[in-house]
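Sequences are here, hints too, so could you generate the full structure?
Heads up: the protein sequence lines correspond to chains A and B, in order. Every letter in the first sequence is one number past the one before it in numbering that gives the first Met the number 0, and letter 60, counting from 1, is 59. Every letter in the second sequence is one number past the one before it in numbering that gives the first Met the number 0, and letter 121, counting from 1, is 120.
Accuracy of the hints is not assured; some may be wrong.
Claimed, not checked - Derived pair list, reagent style SDA-like, types lysine to any residue, alpha-carbon separation capped at 20 angstroms:
#, chain 1, residue 1, chain 2, residue 2
1, B, 66, A, 102
2, A, 16, B, 168
3, B, 95, B, 40
4, B, 163, A, 6
5, B, 66, A, 87
6, B, 163, A, 11
To be clear, the hints were calculated from the coordinates, so they are not data collected in a lab.
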Amino acid sequence: MAEKKSMGALLISGLLKENPLLRLALGLCPALAVTTTAFNGLGMGIATACVLLCTSVVVSLLRDLLPEKGRFVAFLVISAAFATLAQMVLKGWQPALCASLGIFVPLIAVNCLILNRADAFAAQNSPAAAIADAVGMGLGYIVAMTLTGAVRELLGAGTVFGQRVLAAGYQPVLLAVMPAGGLLVVGLLIGIANAIAARHSGKKEGESA
Amino acid sequence: MSDVSRALLFLVSCVFTQNVIFARLLVSRSAVESRRIGAAAGLGLFTAVVIALSSVLAWILYSWILKPLHAESLYLVAFVLVIAACTQLAALCLGKIRPALAEGLGNCLALVAANCAVLGIALLNVETGCGIGQAFLNGLFSGLGYLVALVCMAGVQERLEYSKIPAPLKGLPISLISASLMALAFMGFAGMA
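Next up, the structure:
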């Protein structure tokens with residue numbers, strides 16, 4: 000089924016219909032923990048997307064060599080290697096961002112988005128298809144992470160990307176930037192995405208009938 | 000302060016104020032979506048054992064092998080392998096001791112190797128640069144905190160089954176929202192340690 004999709008369809012479905020965070024609920028852990036500001040969400044999203052792309056390509060190139068039994072461990076080692084690389088690049092390029100993301104940069108190694116795509120897609124498909132899937136999923140993840148970060152920053156500080164959006168007298172909802180707020184905002188965003196998807200599919204059925 | 004009281008404070012901190020799920024947010028889907036308290040306790044205990052085991056082993060590997068060899072940059076790959084080995088070992092032991100439970104958890108056991116709580120605790124030990132004693136206690140107590148969190152969430156899930164939930168929030172969203180309320184409750188422990 001997935002193999003018959005064209006490259007463009009793969010790209011689009013990752014962005015909207017199969018958005019990794021909001022529709023498939025993959026990569027939950029960093030989405031809850033580090034999205035206190037839109038910039039943090041964007042940074043984490045980009046780092047994860049890069050590791051996802053590299054891991055998918057390597058897994059897809061090695062797909063005939065990987066044994067069935069030890070496959071999962073092989074995926075873990077490959078993504079850990081690229082996560083180490085991402086951590087080094089981030090430390091040198093954006094030291095402040097790297098410090099505020101903390102242990103969640105090395106934790107990219109066990110991000111279930113990356114492991115799921117390696118297992119469910121890259122291990123069965125050609126490198127070109129794996130790249131299209133990884134780019135689509137990666138972009139979808141970046142958008143969802145930035146959105147989550149923007150919502151939490153807006154509620155918790157009245158700013159988005161450090162720019163003041165709400166009036167200066169706005170009383171910030173501190174809860175939004177605390178751990179409990181992360182769980183709440185992500186839960187509600189997934190709920191909203193579910194509602195939109197249900198309406199969309201309802202409309203489609205109505206048209207065909 | 001004596002060592003014992005310090006250890007007790009650390010216990011309260013790891014289980015309640017800095018709970019690995021509700022405060023540190025090292026959440027995986029399986030942690031908020033267990034449906035039965037019994038199964039959650041089984042999986043929680045298994046994960047707790049893996050956290051405790053890999054926390055110490057990862058610390059030993061980092062401080063006694065990688066550091067003297069100046070190969071610190073390999074720590075992530077090394078930790079992932081240690082955790083995978085610990086998970087396999089624990090799964091084998093569980094299969095021998097409680098075959099029925101191991102059978103029931105099935106696929107969940109292998110996925111513990113990719114649980115962010117396990118790697119997260121091992122990474123935190125390196126980040127804080129603590130000694131082996133604290134690494135051991137951190138693994139043990141954080142594992143306990145994981146078990147507590149899983150059982151709490153399974154209790155909520157059992158009640159959710161009988162409540163009317165708006166259709167779009169069914170499944171994961173309502174689990175996350177109830178976890179958020181649980182995190183708020185756990186914030187009440189702030190200041191205890």
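So, going through the hints one by one against the coordinates:
1. 66/B to 102/A: Distance of about 19 angstroms is within 20 angstroms: holds.
2. 16/A to 168/B: The hint holds at about 18 angstroms.
3. 95/B to 40/B: Since the Cα atoms of residue 95/B and residue 40/B sit roughly 18 angstroms apart, the hinted pair holds (cutoff 20 angstroms).
4. 163/B to 6/A: violated (41 angstroms)
5. 66/B to 87/A: Judged against 20 angstroms, a Cα distance of about 17 angstroms means the pair holds.
6. 163/B to 11/A: violated (34 angstroms)
Hint violations for this structure: numbers 4, 6, all remaining hints satisfied.
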